[in-house]
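S.K.: Position chain U against the provided structure of chain H, taking the given hints into account.
As a plain string of letters, each chain reads:
There are 2 protein chains.
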Amino acid sequence: MSKKDLALGVDIGGTTSEFGLCKADGTIVLEEEVLTTDFKSADELVKEIYKRIKNHGLLDRIHGIGVGAPNGNFYSGTIEFAPNLKWKGIIPLAKLFSEQFKIPAVLTNDANAAAIGEQIYGNAKGLNDFVTITLGTGLGSGVVANGKLVYGHDGFAGEYGHIRVVPNGRNCGCGRKGCLETYASATGITRSIKELDSKHKHYSKINEFKEPHAENVFQLADEGDEFCTEIIEFTAKILGDALADFACFSSPKAYVLFGGVSRSGKPFADKVKAYMEDAILNIYKNKIEIRISTLHDKNAAVLGAASLVWSEL
Amino acid sequence: MSKKDLALGVDIGGTTSEFGLCKADGTIVLEEEVLTTDFKSADELVKEIYKRIKNHGLLDRIHGIGVGAPNGNFYSGTIEFAPNLKWKGIIPLAKLFSEQFKIPAVLTNDANAAAIGEQIYGNAKGLNDFVTITLGTGLGSGVVANGKLVYGHDGFAGEYGHIRVVPNGRNCGCGRKGCLETYASATGITRSIKELDSKHKHYSKINEFKEPHAENVFQLADEGDEFCTEIIEFTAKILGDALADFACFSSPKAYVLFGGVSRSGKPFADKVKAYMEDAILNIYKNKIEIRISTLHDKNAAVLGAASLVWSEL
Chain H
131 MSKKDLALGV
141 DIGGTTSEFG
151 LCKADGTIVL
161 EEEVLTTDFK
171 SADELVKEIY
181 KRIKNHGLLD
191 RIHGIGVGAP
201 NGNFYSGTIE
211 FAPNLKWKGI
221 IPLAKLFSEQ
231 FKIPAVLTND
241 ANAAAIGEQI
251 YGNAKGLNDF
261 VTITLGTGLG
271 SGVVANGKLV
281 YGHDGFAGEY
291 GHIRVVPNGR
301 NCGCGRKGCL
311 ETYASATGIT
321 RSIKELDSKH
331 KHYSKINEFK
341 EPHAENVFQL
351 ADEGDEFCTE
361 IIEFTAKILG
371 DALADFACFS
381 SPKAYVLFGG
391 VSRSGKPFAD
401 KVKAYMEDAI
411 LNIYKNKIEI
421 RISTLHDKNA
431 AVLGAASLVW
441 SEL
Chain U
131 MSKKDLALGV
141 DIGGTTSEFG
151 LCKADGTIVL
161 EEEVLTTDFK
171 SADELVKEIY
181 KRIKNHGLLD
191 RIHGIGVGAP
201 NGNFYSGTIE
211 FAPNLKWKGI
221 IPLAKLFSEQ
231 FKIPAVLTND
241 ANAAAIGEQI
251 YGNAKGLNDF
261 VTITLGTGLG
271 SGVVANGKLV
281 YGHDGFAGEY
291 GHIRVVPNGR
301 NCGCGRKGCL
311 ETYASATGIT
321 RSIKELDSKH
331 KHYSKINEFK
341 EPHAENVFQL
351 ADEGDEFCTE
361 IIEFTAKILG
371 DALADFACFS
381 SPKAYVLFGG
391 VSRSGKPFAD
401 KVKAYMEDAI
411 LNIYKNKIEI
421 RISTLHDKNA
431 AVLGAASLVW
441 SEL
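Protein sequence lines correspond, in order, to chains H and U. Its first residue numbered 131, the first sequence is counted upward by one per residue in my numbering. Its first residue numbered 131, the second sequence is counted upward by one per residue in my numbering.
Chain H on its own, in the form it takes in the complex (with noise of 0.2 Å):
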């Protein structure tokens, strides 16, 4: 029998879902993505990466699996009504997986795997008051404070995204208005494409895209687009406004961006940090850093869903 030194993570996005075979130091021994649309239910995708690892002849090396999915429950390990998944209801994935593969599983938020993920390898490493932003298809968040995950009483905690922002505000998928993540997060960006009124809109080079997205925005701004500009005045505006009011949470050192808008890079923190300056309360001012996860290139999701291996299971 083969030594057991891999963790499985895998993050599963509204869009994308990735995995990867991790080791306990952090070495990422195997990293692949599929479609999480292509997958009409949440079993198919288990079966998928189970066929991709087996093709690699590493099933043997695998201790157990660690999931980040949204709306993922640590406590009963199962997906309860996303709304940024086709899958609706409520899934056990962490049984999916368990039963396919034969080992144990445990599953947890997205944001709260990119949280343990940064705070073991990354850009939060030493902080035990931080908050991660993941910026991707919605707007997820991981809270650690006094240097703990924050679950709640039923595993739920930290939804930054589904706290609403703009009164009467844009559809959320959750059934709600004016949630954080319909203005700040990739399809929020794609939305203010269609519905920011601005002079500057009819002549921009968004136009020219079919079906645009977040990161030709913020190419087009970095060119001088004046609409795409203000489109992300507008989102570091809203997300800058809402993080001054969340540091009357928990007060966190730093709030760690993580995922697709993230990556468009330092000038976007730098006027969410602005922004969030502006409206803060007082005792807070000047203290609170917007960090860049520093893990992009090795998926601090992915890390920090297989880092939950080592300390859960």
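Any given hint could be a false lead.
[Claimed, not checked] Calculated cross-link-like contacts (lysine to aspartate or glutamate; reagent style EDC-like; alpha-carbon spacing at most 20 Å):
hint : chain 1 : residue 1 : chain 2 : residue 2
1    : U       : K181      : U       : D168
2    : U       : K278      : H       : D284
3    : H       : K307      : H       : E325
4    : U       : K367      : U       : D400
5    : U       : K307      : H       : D408
6    : H       : K417      : U       : E353
7    : U       : K324      : U       : E356
8    : H       : K415      : U       : E210
9    : U       : K415      : H       : E325
10   : U       : K403      : H       : D284
It should be emphasised that the hints constitute simulated quantities derived from the structure, not laboratory data. Just so you know, these numbers come straight off a predicted model, no measurement behind them.
M.R.: Frame of chain H, contents of chain U only:
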């Protein structure tokens, strides 16, 4: 030398400050109050409390001092820029008490002190995840997650009263606009008398009061006064809406309402709960209780502040 069997618990409020001598089992040996607004400086208030306890001949029995104060900082022992106190700037309150009494003193946010009191002696016994909401002159909050108070990196976590809930709303003492406490607090309710429009306003009995208080509004609402009923609904809706969103932070098992406004009792708590359920994210529905502090008579804040002595000194 006599036995050091008592902790001095002090609860500094915007209007009144209470202090008590408590045994470790929660028995209160002495409890008195002073008007905070009577004292031009914190030092004078400390001296007054010292004088009173000296007059009772109980100085020798005090083991240590625990203080709960608005914007009180656990790490530094100071009050910093408290919007609801006349004393401005940074006040080394723990040091002032310690030097006056010649015994150790520890300080925290008044709402944090209430949360500890509630957890040890009150309506949050056995809960690892809950939030106390203090509805007094302002709105304070004490957040307990994973069984521990959330202090944040700088000691200033849990300022739910200064989360902005109405864009460009009421001016707040903190210099910002629309903070929750400008609506949901005793002061907020009296502001609503002036600032809320209603066709029932002109004939409301509240107009007969020269300086109406929140309790008058509750009393008249109970008697069927339509304008006062509207104010209560308005207040409950803003608070319930806010608590719905705040669930996204720590997903508490319960919010424990505490302080003057909550003394109006279960009907108000039920309204807040109903509005909270209307607005809350699916995954939290019908899970979070609104409880009312059971420690009003015994004073959770004084007990909580005193309990700091046994836990921290």
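S.K.: Hint by hint, note whether the structure agrees.
M.R.: Outcome of the hint check:
Restraint check for K181 of chain U and D168 of chain U: the C-alpha separation of about 15 Å stays at or below 20 Å, so the hint holds. Between K278 of chain U and D284 of chain H the alpha-carbon distance is near 16 Å, which keeps this suggested pair within the 20 Å criterion. About 15 Å separates the Cα atoms of K307 of chain H and E325 of chain H, which keeps this hinted pair within 20 Å; it holds. Distance check on the hinted pair: K367 of chain U and D400 of chain U sit about 11 Å apart at the alpha-carbon level, within 20 Å; holds.
Restraint check for K307 of chain U and D408 of chain H: satisfied, since their Cα atoms lie roughly 13 Å apart, inside the 20 Å limit. For the suggested pair K417 of chain H and E353 of chain U, the alpha carbons sit about 49 Å apart, so the restraint of at most 20 Å is broken. With a CA separation close to 15 Å, the supplied pair K324 of chain U and E356 of chain U stays within the 20 Å bound. Our distance criterion of 20 Å between C-alpha atoms is met by K415 of chain H and E210 of chain U, whose separation comes to about 12 Å.
With a C-alpha separation of about 30 Å, the suggested pair K415 of chain U and E325 of chain H falls outside the 20 Å cut-off, and the hint is violated. Note on K403 of chain U and D284 of chain H: the hinted pairing holds, with a Cα-Cα distance of about 18 Å set against a maximum of 20 Å.
Violated hints, listed in ascending order, are 6, 9; each of the other numbered hints is respected by the structure.
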